[in-house]
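**Q** Given the structure of chain D, go ahead and fit chain W onto it with the hints provided.
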Amino acid sequence: MSKREFISPQGLRIDGRKPGEIRRIDCTLGPFSHADGSAVLEQGNTKVIASVYGPREAKRKGDVLHDRAIVTCEMSITSFATSERKQRSKTDRRLKERSLAIQQIFESVISTHLYPRSQISIFVQVVQSDGGDMAASINASTLALIDAGIPMQDFLTACTIGFVDGTPILDINYTESASSGPEVTAAIVTKSRKISYMQMADKLPIQHLEKMMLAATEGCLMVYEILKKKIKAHSYSLLHARGTAPS
Amino acid sequence: HAAWKSGMSERQYVTTGEVIGEEAGFLRGHGTVAKDGKLQATVSGFVQRVNKLVSVHALNSRYQGEIGDVVVCRILEVADKLWRVDLNSRKNAILMLSAVHLPGGVQRRRTQQDQLNMRQYFVEGDLISAEVQAVKQDGSIHLHTRSLKYGKLNKGLFLSVPASLIKRCKKHFHTLKCGVDIILGNNGYVWMQFSREQDGEE
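Chains as they are written, first to last, in our numbering: chain D, 2 to 248; chain W, 24 to 225.
The following block holds chain D by itself, in its conformation from the complex:
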């Protein structure tokens, strides 16, 4: 009975990363012209598509707020996202919970007071699921909102942390998350370093919580640095395409 080693004696994880290393991030901004903002984000093998519509006239007039915009979110996972084909209905409880979480996170960060009586809709779809779906969804939503030009109080990024042999491991993939260790998904606002969202469905000794939170902040900041560069590169390429490149 060999127990699978999540951290080898050399200090490397199953996929060869160090505990403090996040997966390769790649993103495309604005792939869909019909949406106001859109993004495709890849974190390792996890691939997520986010589209943002808004601010626009609310679909349900009864939902409008007189002083700010409402934010709605709909999250879905395609049937081919996991290794086993599984049809998930839109009313799946876990999906609804995640959609609600994304809605609440972004409601607090988007400057909704600038758009009273309007609606901002976020649609997230997980196309490939290899662990860290929620974190990737949050990151993709941030990118899509930035692509749509919707003002936000801060830049929100998310990261998933696991815990193996007393060491927090950053950005866990599906194999690591399927282990019996605790898994924390955290989102922070990068300028003020405040935690916007934290979720865990496992047991964790309280003395390890602070280590995990510090690791989460580190991971989110790493993601922020990468996304910042990608956004800047995308903006410059857009300007070049429009023929108004800065000298």
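Hints in this document: simulated from the structure, not taken from any laboratory. Idealized CB from N, CA, C, for every residue including glycine. Among these hints, one or two may not hold up.
If you anchor each label on the Cβ, the simulated ranges turn out as follows [to be verified]: (1) V128/D x G148/W: 32 to 38 angstroms; (2) T29/D x S218/W: 54 to 60 angstroms; (3) K75/W x A234/D: 28 to 34 angstroms; (4) S183/W x A179/D: 44 to 50 angstroms; (5) E108/D x M119/W: 32 to 38 angstroms; (6) I196/D x R51/W: 49 to 55 angstroms; (7) I207/D x G44/W: 38 to 44 angstroms; (8) V73/W x S9/D: 55 to 61 angstroms.
In the DSS-like style, the derived pairs of lysine-lysine whose C-alpha atoms are separated by at most 27 angstroms in a straight line are [what the hints assert, rightly or not]: (9) K192/D x K75/W; (10) K61/W x K230/D; (11) K231/D x K104/W; (12) K233/D x K212/D; (13) K231/D x K75/W.
**A** Using the frame of chain D, we list chain W on its own:
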């Protein structure tokens, strides 16, 4: 679009949440927020400084109406003494009955009969060109078609482009040499039709 005018002294690029500079002595424009005595960007884009006004404009954003804009829009609903119009903005615009050009005479008091005959002018689904008359406090846009060049559009081609690509110019109605009339709506909606002089060739 205002941000791309020449004469911008600095082309500083900022992402959401990045600090632009000190707050003291500057006026906060669009796309900025003051936190802890510093100016922070709320959108990702280029910083525009005009004297003491600091603002950040995103490269892509939804159309925000300004008075005097020429727009191409679609009627969504016929309501009590007004039409609701889709402008591809954050809210539907309003075209008041008192703001359209009535055939009987330029200035005429709108009667009950006019109200009942609203459908004879514009119906749901009609495409019209109009000008932004006013932008109210709550952000709703009021349009008017009080000039002969505005009105219902038919027999042509409709196109939708991102609104940020349309520059604000003196003229939005152009006639191309190939015999095509083109209306470049500030809201990103574009209308093309054959010039009235020529008769449907190519």
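**Q** Now tell me if each hint is right for this structure.
**A** Here's how the hints hold up against the structure:
no.	hint	verdict
1	V128/D x G148/W: 32 to 38 angstroms	holds (36 angstroms)
2	T29/D x S218/W: 54 to 60 angstroms	violated (41 angstroms)
3	K75/W x A234/D: 28 to 34 angstroms	holds (31 angstroms)
4	S183/W x A179/D: 44 to 50 angstroms	holds (46 angstroms)
5	E108/D x M119/W: 32 to 38 angstroms	holds (34 angstroms)
6	I196/D x R51/W: 49 to 55 angstroms	violated (27 angstroms)
7	I207/D x G44/W: 38 to 44 angstroms	holds (42 angstroms)
8	V73/W x S9/D: 55 to 61 angstroms	holds (58 angstroms)
9	K192/D x K75/W	holds (25 angstroms)
10	K61/W x K230/D	holds (22 angstroms)
11	K231/D x K104/W	violated (50 angstroms)
12	K233/D x K212/D	violated (32 angstroms)
13	K231/D x K75/W	violated (30 angstroms)
Checked against the numbered hints above, the structure breaks hints 2, 6, 11, 12 and 13 and satisfies the rest.
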